[in-house]
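*Asks:* Using the hints provided, position chains P and F relative to the given structure of chain B.
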Amino acid sequence: MNADSDKPGSEMRLAQPSRARAAIRRERGLPYLLVAPAVAVLLALSIYPLVYLVKVAFQTGSGDAVRWTFANFERLASDGFFLTALWHTLVYAATALTFEFLLGLGLALLLDRSIRGRAVFRAILLIPMMLPSVVVGVVWRLMLNPTSGAINGTLQGAGMNTDRLTWTASTALALPSVIAVDVWQWTPFMFLVLLAGLQAIPQEPYEAALIDGSSAWQTFRHVTLPLLRPAILIALLLRTMDLFRVFDQIFILTQGGPGNATETVSLYVYRTAFRFSDFGYAAAMSFVLLAMTNVVSLIYIRLLQRQEPA
Amino acid sequence: MKRDVGETRRRRHTGTPRHPIKVGRAGYAVRYAGRYGVLGLAVVVTLAPVYWMITMSLKSEVDQFAVPPRWFGFSPTLAHYYDAFFARSFGGYLLTSVIAAGLSTGCAIVVGTLAAYGLTRLTMPAKLGRRLSVWILSTRMFPPIVTAVPLFLMVQGIGLLDSVASLVIVYTAFNLPFVVWMMRGFFQEVPREMEEAAMVDGDSRLGALWRVVLPLVTPGLAATAVFCLIISWNEFLMALVLTQTDAAMTLPVGIAGRVTQYEIKWGVMSAAGVVAMVPILAFAMSVQRYLVRGLSMGAVKG
Amino acid sequence: MQKKSGSLPSTISLCLSLLLIACSFGACRRSAAPDGKSLTLAVNSGVEGDALKQAARDYETQTGVRVNIAEFPYANLFEKELIDLGAGSGAYDLIMLDDPWFPRFAERELLADLTPMFNRRNLAGPDDDFLRSSLALCRQPYETGALYALPYVGNSQLFFYRKDLLENHGLKEPVTWDDALAAARTISERESAGAPGGRQVYGYVMRAAQGNAVVADFMPIFWAFGAEMFDAEGRPTVNSAEAVAALRFMLDLGKYAPPGYVSFNADEVSAHLLQGTAAMSINWPAWISAFDDPERSRVIGKMAFTTMPAAKNPGRAEIGNWLIAIPRGSKNADAAFDFLVWATSREQMKQSALRVNPPTRRSLFEDPELLARFPAYPAQLRSLETSKPRPRTPLWNEIENTFGIFLSKANSGELSPEVAMNQANVEIEKIIARNRR
Numbered sequence: 000m001n002a003d004s005d006k007p008g009s010e011m012r013l014a015q016p017s018r019a020r021a022a023i024r025r026e027r028g029l030p031y032l033l034v035a036p037a038v039a040v041l042l043a044l045s046i047y048p049l050v051y052l053v054k055v056a057f058q059t060g061s062g063d064a065v066r067w068t069f070a071n072f073e074r075l076a077s078d079g080f081f082l083t084a085l086w087h088t089l090v091y092a093a094t095a096l097t098f099e100f101l102l103g104l105g106l107a108l109l110l111d112r113s114i115r116g117r118a119v120f121r122a123i124l125l126i127p128m129m130l131p132s133v134v135v136g137v138v139w140r141l142m143l144n145p146t147s148g149a150i151n152g153t154l155q156g157a158g159m160n161t162d163r164l165t166w167t168a169s170t171a172l173a174l175p176s177v178i179a180v181d182v183w184q185w186t187p188f189m190f191l192v193l194l195a196g197l198q199a200i201p202q203e204p205y206e207a208a209l210i211d212g213s214s215a216w217q218t219f220r221h222v223t224l225p226l227l228r229p230a231i232l233i234a235l236l237l238r239t240m241d242l243f244r245v246f247d248q249i250f251i252l253t254q255g256g257p258g259n260a261t262e263t264v265s266l267y268v269y270r271t272a273f274r275f276s277d278f279g280y281a282a283a284m285s286f287v288l289l290a291m292t293n294v295v296s297l298i299y300i301r302l303l304q305r306q307e308p309a
Numbered sequence: 000m001k002r003d004v005g006e007t008r009r010r011r012h013t014g015t016p017r018h019p020i021k022v023g024r025a026g027y028a029v030r031y032a033g034r035y036g037v038l039g040l041a042v043v044v045t046l047a048p049v050y051w052m053i054t055m056s057l058k059s060e061v062d063q064f065a066v067p068p069r070w071f072g073f074s075p076t077l078a079h080y081y082d083a084f085f086a087r088s089f090g091g092y093l094l095t096s097v098i099a100a101g102l103s104t105g106c107a108i109v110v111g112t113l114a115a116y117g118l119t120r121l122t123m124p125a126k127l128g129r130r131l132s133v134w135i136l137s138t139r140m141f142p143p144i145v146t147a148v149p150l151f152l153m154v155q156g157i158g159l160l161d162s163v164a165s166l167v168i169v170y171t172a173f174n175l176p177f178v179v180w181m182m183r184g185f186f187q188e189v190p191r192e193m194e195e196a197a198m199v200d201g202d203s204r205l206g207a208l209w210r211v212v213l214p215l216v217t218p219g220l221a222a223t224a225v226f227c228l229i230i231s232w233n234e235f236l237m238a239l240v241l242t243q244t245d246a247a248m249t250l251p252v253g254i255a256g257r258v259t260q261y262e263i264k265w266g267v268m269s270a271a272g273v274v275a276m277v278p279i280l281a282f283a284m285s286v287q288r289y290l291v292r293g294l295s296m297g298a299v300k301g
Numbered sequence: 000m001q002k003k004s005g006s007l008p009s010t011i012s013l014c015l016s017l018l019l020i021a022c023s024f025g026a027c028r029r030s031a032a033p034d035g036k037s038l039t040l041a042v043n044s045g046v047e048g049d050a051l052k053q054a055a056r057d058y059e060t061q062t063g064v065r066v067n068i069a070e071f072p073y074a075n076l077f078e079k080e081l082i083d084l085g086a087g088s089g090a091y092d093l094i095m096l097d098d099p100w101f102p103r104f105a106e107r108e109l110l111a112d113l114t115p116m117f118n119r120r121n122l123a124g125p126d127d128d129f130l131r132s133s134l135a136l137c138r139q140p141y142e143t144g145a146l147y148a149l150p151y152v153g154n155s156q157l158f159f160y161r162k163d164l165l166e167n168h169g170l171k172e173p174v175t176w177d178d179a180l181a182a183a184r185t186i187s188e189r190e191s192a193g194a195p196g197g198r199q200v201y202g203y204v205m206r207a208a209q210g211n212a213v214v215a216d217f218m219p220i221f222w223a224f225g226a227e228m229f230d231a232e233g234r235p236t237v238n239s240a241e242a243v244a245a246l247r248f249m250l251d252l253g254k255y256a257p258p259g260y261v262s263f264n265a266d267e268v269s270a271h272l273l274q275g276t277a278a279m280s281i282n283w284p285a286w287i288s289a290f291d292d293p294e295r296s297r298v299i300g301k302m303a304f305t306t307m308p309a310a311k312n313p314g315r316a317e318i319g320n321w322l323i324a325i326p327r328g329s330k331n332a333d334a335a336f337d338f339l340v341w342a343t344s345r346e347q348m349k350q351s352a353l354r355v356n357p358p359t360r361r362s363l364f365e366d367p368e369l370l371a372r373f374p375a376y377p378a379q380l381r382s383l384e385t386s387k388p389r390p391r392t393p394l395w396n397e398i399e400n401t402f403g404i405f406l407s408k409a410n411s412g413e414l415s416p417e418v419a420m421n422q423a424n425v426e427i428e429k430i431i432a433r434n435r436r
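Chains as they are written, first to last, in numbering that gives the first Met the number 0: chain B, 0 to 309; chain P, 0 to 301; chain F, 0 to 436.
Bound-form chain B, shown alone:
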């Protein structure tokens, strides 16, 4: 769906009076002018950091002993903490994404029709993603408190023994707990984008399917999903990028603990950069993260652009 110059409109242009042609000539430089401010701002704020990061990642030693080496990157391969953090990041991203997508899709399908109170439901369901991550972390930390938190309190009220359910204190339950909080906070985002996508689908294909006698499932699979594809991909793309760099909620909820059971790459980078003052190593780690994010994003973008007409 790229606005290319070989659409019907361009033929129209050739037939226009010379005044318009002159205007068009003038505007050949216009796109660059329009894009320039954005590019300038982004360049300014990403060039220096990038250069800085490259510098520290590829250097070791300090003062007079500065050398250009791969040492920081080599260290990554044998660092148990990093590999664990990488694993945690992947598990976190994959699990959260799956749940957020499925729940978001379900909710979007439910609210895609005009039912009573639709606007109210929609408004309420959007709330979690509007809260600052700091606040979300705080609230859930309170709720997940094993003794005085609302979750265990309610479960105990229902008669369950919650001694083993220590949530963010349990090595086994900590990562799932943190993922659950992410799902709570960001499902609304998925829901919003998917709902928008659903509402962008015109009636005609559905009517056609109805006439053809498709079942609900068939309609969903062959009509809804393909037409929803761009929305799905955009939602997944944006969300994946953010999941790989997740930091705020985990920091407040568990600080990466217990031990390093919930430590993702971002948190390990934070620990390395700020507790250990080892910026070089932290930079090397972020390059790995960046590479990972790039690869995944490019896949999504490729998929997105594949459906654009040639």
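Heads up, a few of these hints could be off.
As a list, the in silico SDA-like pairs of lysine to any residue whose alpha-carbon atoms are at most 25 Å apart [as the list claims (entries may be wrong)]:
(1) F/K429 - B/T83
(2) F/K52 - P/A78
(3) F/K330 - P/M153
(4) F/K429 - B/A43
(5) P/K126 - B/R74
(6) F/K301 - P/E60
(7) P/K126 - B/A35
(8) F/K330 - P/I157
(9) P/K126 - B/T83
(10) B/K54 - B/L32
(11) P/K126 - B/A43
(12) F/K429 - B/F80
(13) P/K126 - B/D78
(14) B/K54 - P/R191
(15) F/K429 - B/D78
(16) F/K429 - B/S77
Computed Cβ-Cβ distance ranges for the label pairs, DEER-style [to be verified]:
(17) B/W216 - P/V42: 19 to 29 Å
(18) P/G156 - F/W341: 48 to 58 Å
(19) F/G197 - B/N293: 49 to 59 Å
(20) B/P225 - P/G105: 33 to 43 Å
(21) B/S214 - F/V418: 52 to 62 Å
(22) P/G72 - F/D163: 22 to 32 Å
Covered stretches of chain F, going by a simulated chain P footprint (3 or more residues, C-beta under 8 Å) [to be verified]:
(23) 68 to 76
(24) 169 to 177
Bear in mind the hints are in silico, worked out from the structure with no lab data behind them.
Glycine included, C-beta positions come from ideal geometry on N, C-alpha and C.
*Replies:* Chains P and F in isolation, oriented as in the chain B frame:
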């Protein structure tokens, strides 16, 4: 399945079932109940933590950690709100947050919309346009932790440390990629013929943009603006690193500051959290009907 | 354009927000600085920060010099200060340091030497009223080197216990850690409904969240069992037999701790003590007054405090003073020094003490007015005088961070004590090797 762009405008938001299913009366009732049941559950799950936070902001400390947890039976106190806004500088934090989020959103929208327009509308070698778009998006991929230190050094070099201006600049840069990508999608949905018609009538390109195209993408613009506001309002790490005194701290930094060495001032934190929520929710709720409509207009169609 | 429906609720909420913002103008107290000087002080959020804010106001009234306080959460204060001072940003004229951070700042020559400043005022140095153990922390090398800070808050751990519960079960004040363990067991077993609301009372509660929390609560046990972090040559010895025994003991204590203690930080520990659901703990003196506050405590008058229990070695608390230092690049060093001397003077420190911050001057620990208000002062003084500082290595933050992770893993059952300590030792060796110049 190629759709003619013009047709999608004429959608009917009626009660016609989107996913037609033939069921009997009883089945319909079950479906109906099931649907509202699920939605009700979703609402409870969504609101329970928010409600809990509101109650924490109103409970005295003895009640806050009562076992079993008190959902309802407690005597409310406004002490925490007083503490937050009069004994501490949360009022100032709120103001800074408003300025930083508002200004940065405004800048990002203006700069980003122009850039998106340039990328989609005007003749640029297609590959360059696409590459540029992808590059713009990629600036969003870096973990903020790591850019925090060089950005700190840069901002310090310019002498803008501990000022709201630095936050505005940084947040604008954060929001730009998002704005560009969203607006790009919206602009692709507006037929070129519309501006060209205006230009034939004697309007300049930018004039056509202002008078013809922008009104059409306003819902999308609103949706994008809301997202930008949310992101800037809630941002924590950069604000923490770039601010040094109360003069420039934002709400999230202030809230996190309630985590002291010995205790967490849950009351003040919850009160501040409630207040951090209100403006954003108010704004979002008032434009939320645009959110869905706006998004459905363009970006999600690729 | 769609018709505006449901605009009333949105209008109301928008008005509310605008009202809030308007209030923020009113509540916002950012008046312009007077034409005198102004200083900026970076502090820790909490009682120390609050006390210093008050002190700043008093100082401005007395001298006209404005002192701005920048508060940061404990979790972020260290790196904030390190980044700012390392970059020479000059934003802060004074900073508060937790004493374990001090060696790193001093080693990197980020702090101003205070002795010349004392000399310029015809003083040899700080007066004798400062506690020896507190002042020693302000020198790099420890106790003998140049003076880079002054101690402001004299924290040293105390052992807290519920005297009513111990009396009820015929137990005496714990003198050794074995006493403590036995008491914890007894109370946990017999008090399954002893807390307000019919809840279980746990014999012991501790901070075991990875990092500073677990290490702070572990060191007294560690030292009492005869273990040391480093040997005479500076090699780590956390996998010694004594150390592993100490960790095993900690796990034993953990059996009588509330569920989830593995991620407890100071606030959860205190919440349990205040709610009456835990009977014993190591904690900092800042909490003492909270126990008698009816707004917060359900155990008014029931807590007692003593010095650390002993094991193989006499009990020694971990000292944790807050120091105030002047960054080397400060443009207002002299004005900052004036404030520093003023704030740590006897009268001002007494004000700070009245605001619940333990002092670092002996005379204040013996001051009758303070003694009446803080009956635990004698115990605190004893604790301070017999306290032990954490190893004064500039690498302490990294070492503590790593050590803390392994202690946490042992407490959560992920690793056995021996494995945890061995791995910790290896990691600490790596840290030292990496930073060898």
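*Asks:* The structure should be examined with respect to each hint, and the outcome stated for every one.
*Replies:* Against the structure, the hints:
1. F/K429 - B/T83: Holds, at about 18 Å.
2. F/K52 - P/A78: Holds - the C-alpha atoms of P/A78 and F/K52 are around 20 Å apart, at most 25 Å.
3. F/K330 - P/M153: 21 Å, holds
4. F/K429 - B/A43: 38 Å, violated
5. P/K126 - B/R74: Distance of about 38 Å is beyond 25 Å: violated.
6. F/K301 - P/E60: Cα-Cα ~19 Å, so holds.
7. P/K126 - B/A35: Distance ~17 Å between P/K126 and B/A35 Cα, so the pair holds.
8. F/K330 - P/I157: 19 Å, holds
9. P/K126 - B/T83: 39 Å, violated
10. B/K54 - B/L32: With a Cα-Cα distance of about 32 Å, the restraint between B/K54 and B/L32 is violated, given a limit of 25 Å.
11. P/K126 - B/A43: 23 Å, holds
12. F/K429 - B/F80: Roughly 13 Å separates the two Cα atoms, so the pair holds.
13. P/K126 - B/D78: 40 Å, violated
14. B/K54 - P/R191: Measuring from Cα to Cα gives roughly 46 Å; hence the hint is violated.
15. F/K429 - B/D78: It holds: about 11 Å lies between the C-alpha atoms, which stays within 25 Å.
16. F/K429 - B/S77: 12 Å, holds
17. B/W216 - P/V42: 19 to 29 Å: 27 Å, holds
18. P/G156 - F/W341: 48 to 58 Å: 35 Å, violated
19. F/G197 - B/N293: 49 to 59 Å: Taking Cβ atoms as reference, F/G197 and B/N293 lie about 57 Å apart, which means the hint holds.
20. B/P225 - P/G105: 33 to 43 Å: Given a distance of about 38 Å, which is inside 33 to 43 Å, the answer is holds.
21. B/S214 - F/V418: 52 to 62 Å: 57 Å, holds
22. P/G72 - F/D163: 22 to 32 Å: At 27 Å between Cβs, range holds.
23. 68 to 76: Since 8 is at least three, the answer is holds.
24. 169 to 177: violated (count 0)
Violated hints, in rising order: 4, 5, 9, 10, 13, 14, 18 and 24; the structure is consistent with all others.
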